[in-house]
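Q: Read off the chains here:
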Amino acid sequence: MSPADQPQSLYAARVPIFPRRVHGFFRNLKWWIMAITLGIYYVTPWIRWDRGPDMPDQAVLVDLASRRFYFFFIEIWPHEFYFVGGLLVMAGIGLFLFTSALGRVWCGYSCPQTVWTDLFILVERWIEGDRNARVRLHQARWSPRKVRLRLSKWAVWLLIALATGGAWVFYFTDAPTLARDLAGFQAPSVAYVTIVILTATTFVLGGFMREQVCIYMCPWPRIQAAMMDADTLTVAYREWRGEPRGKHRKGAEADALGDCIDCMACVNVCPMGIDIRDGQQMECITCALCIDACDDVMERIGKPRGLIDYLALSDAPREMAGEPPRPVWTHVLRPRTILYTAIWAAFGLALLYALFMRTDLGLTVSPVRNPTFVVQSDGSVRNIYDVRLRNMAGNARLLRIGVTSATPLDIELEGSSGSAAVEVPANATLLQRVYVTATPSSPAASGDSTPLTLWVEDANGGTRALRDTSFNGRNTR
Amino acid sequence: MSDDRNVSGNKVDQVTGTETTGHSWDGIEELNTPLPRWWLWTFYATIIWALIYTIAYPAWPLVTGATAGVMGWSTRANVAADIVAHEARNEDLVTALLDADMVTLQQNADLNRYAVARGAAVFRAHCSQCHGSGAAGAKGYPNLLDDDWLWGGSMEEIIYTVRHGIRNETDADARYSQMPAFGEILEKDQIGDVVEYVMALSGEDHDAQRAAAGAEIFADNCASCHGESGQGDREQGAPNLADAIWLYGGDRATLTETVTNARFGVMPAWGQRLSEEDVRAVAAYVHALGGGE
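Quick note, the sequences are listed as chains A and B, same order. Numbering-wise (the working numbering), the first sequence opens with residue 129 and increments by one. Numbering-wise (the working numbering), the second sequence opens with residue 102 and increments by one.
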């Protein structure tokens, strides 16, 4: 490790990593996932969705100013934020599920840090060449050629970073309008600030920090490590097949060697800069590029593929003893993954139920507790309720408010004499004070607490929303 | 737990080959794993940032004060600018509130909402000490949520009461009523009879015989202000004695004390302390509480 003859510094410089180009199944899979995830990210804000007049026609829109979240046919109001919470829980449990079955597939394939770093490395290879050329360039003195290559690489990185930061802001307002405003320097300053911040972080994290983000900054590797066990399919080296490693030459000594020819292909392609033959390591993001590299070499030297492979560590003793590994499904289907799937599905079904059971009329009731009741001059007792009416429909509606209870109670709306109906504008909430009164001699007036139900309904018919609450009489404790 | 040492004489852990710090707890030694260098640079950067920041903003303590900062940056100035900006934004609403006909204020939804919200803030700051944060009042302090008003509950009456106050010496237009202390005028028995009569007026349990005697004393001494049937008189601020609401309490002992010594509630003249828009706003708020007429 560190040279023993030097006093060790308290601070270590990054050891530069120059991943070599690789071909194979997993590399192709990663290209596809990169194309799909980046495509979704860049295209989504531009999808249109007709919601009618005076409503945004963007399919996915986080409207922070009016506190609405639009997702295709779904419109989330602030009080329905449990949908977002539920989706986050599902994302978390989904991560547990995939990690316990397939290891750190999230890290290796779909984490934004991985996707953008992969893209940046691709650019780097196009401009500066593959691993050996990059190592030479890194070690070379500054020359006009090095300056030219470096500047063009950074310029392309910066363009990608700008496109990344630029795409993010389109999720928060009408995309075509914002694009026009951005081009004409008319957009709100928060848009420019966001773009600058995200451009800078993408440029630095994807271009320069790369694997250091995973090793030093990201909490997931630690959490994911706790999600894995011996049955998890993870990238591993079949050391019982590969060792002792060594260069294959003709002659008797080659027979004593394992399949690993110590060509370092697996190390050279690793974006995390580790040697998978050292065993399971915290740094490994299971991107499987070492599998592609090794399989390529195994094919060329006429040995079976899979010296480095996705395998469950619990199979290692069987394979060492020369037995075939257990089928993959026995590793994937086990109580742990089934439990995760069940919890994940339960959340999904609950959210779907909530989604299709909700009405376009909402009501929350907060009884005024200061004071708990008011005695009127004729001896009747009045309770006050602050009622929040939500008209989630696209048109203004006249909403009628009423009270249902075992004892007769009168209802009156603050500010509207006589009428117990109030007009709520389209797609809006209205706070309305409601007075409920019990006559002097009624049991509700002289008693303790009487249950009652406040309801609201469209005056032209339709669904009714109701809330149970209580009425405080003169003897309320 | 190894005694291996490298050339510079530091202990080295056998398993990892990393230097140790030499610290040992229960036989476990701490590895001296170096921190990444960017971490160090970030640390230096924060120090430099802190220096720049404390120079730009007022921060460094001096003998008689503190550095003033550069380029006029200060969080106090920012707050003051924010307040000015907010006031400028509300200028139109304030003008509209000053011009508004308060009786029909409720028909102007936006302005009414602004007035009630502003009034609620004024109420919490200036009125809640006596009338309670929920405006429910207390003994001797009127409940503003009910339908009983000593001086009237219309918008104009509320504005007048807020502006001039009750029984104060600071405002010549203050509403003024005074009940004599009948302990100096009537005999103890007579006061007892009047109390029984007043309790009869509001339908409480009473001694019918004494109440009948009290009716005569009431007609002679009390009816001029409280009315023939005890219904009160808003012109004079005389409370209605025939309803279910008592400002100081409706039991026998409290009524006896009220008749004997009289009461003298005071409210400041807020027109001298609050701006005209605040007076109007707080009146709108009180009117909207549920008792407004």
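It cannot be assumed that every hint is accurate.
Now the in silico label distances, taken between C-beta atoms and shown as ranges [said to hold, decoys possible]:
1. ALA473/A x MET172/B: 56 to 62 Å
2. CYS391/A x ALA157/B: 55 to 61 Å
3. ARG462/A x ALA157/B: 56 to 62 Å
4. GLY476/A x ASP202/B: 34 to 40 Å
5. PHE313/A x ALA181/B: 28 to 34 Å
6. SER494/A x ALA313/B: 32 to 38 Å
7. ALA178/B x ALA474/A: 52 to 58 Å
8. PRO206/A x ALA226/B: 28 to 34 Å
Keep in mind that the hints were calculated from the coordinates and are not lab data. Ideal Cβ positions, reconstructed from N, Cα and C, are used throughout, including at glycine.
Q: Taking the hints in turn, state whether each one holds.
A: So, going through the hints one by one against the coordinates:
1. ALA473/A x MET172/B: 56 to 62 Å: Given a distance of about 59 Å, which is inside 56 to 62 Å, the answer is holds.
2. CYS391/A x ALA157/B: 55 to 61 Å: Roughly 57 Å apart at Cβ, these two residues keep to the hinted range, so it holds.
3. ARG462/A x ALA157/B: 56 to 62 Å: Taking Cβ atoms as reference, ARG462/A and ALA157/B lie about 59 Å apart, which means the hint holds.
4. GLY476/A x ASP202/B: 34 to 40 Å: Taking Cβ atoms as reference, GLY476/A and ASP202/B lie about 57 Å apart, which means the hint is violated.
5. PHE313/A x ALA181/B: 28 to 34 Å: holds (30 Å)
6. SER494/A x ALA313/B: 32 to 38 Å: Violated, at about 50 Å.
7. ALA178/B x ALA474/A: 52 to 58 Å: holds (55 Å)
8. PRO206/A x ALA226/B: 28 to 34 Å: holds (29 Å)
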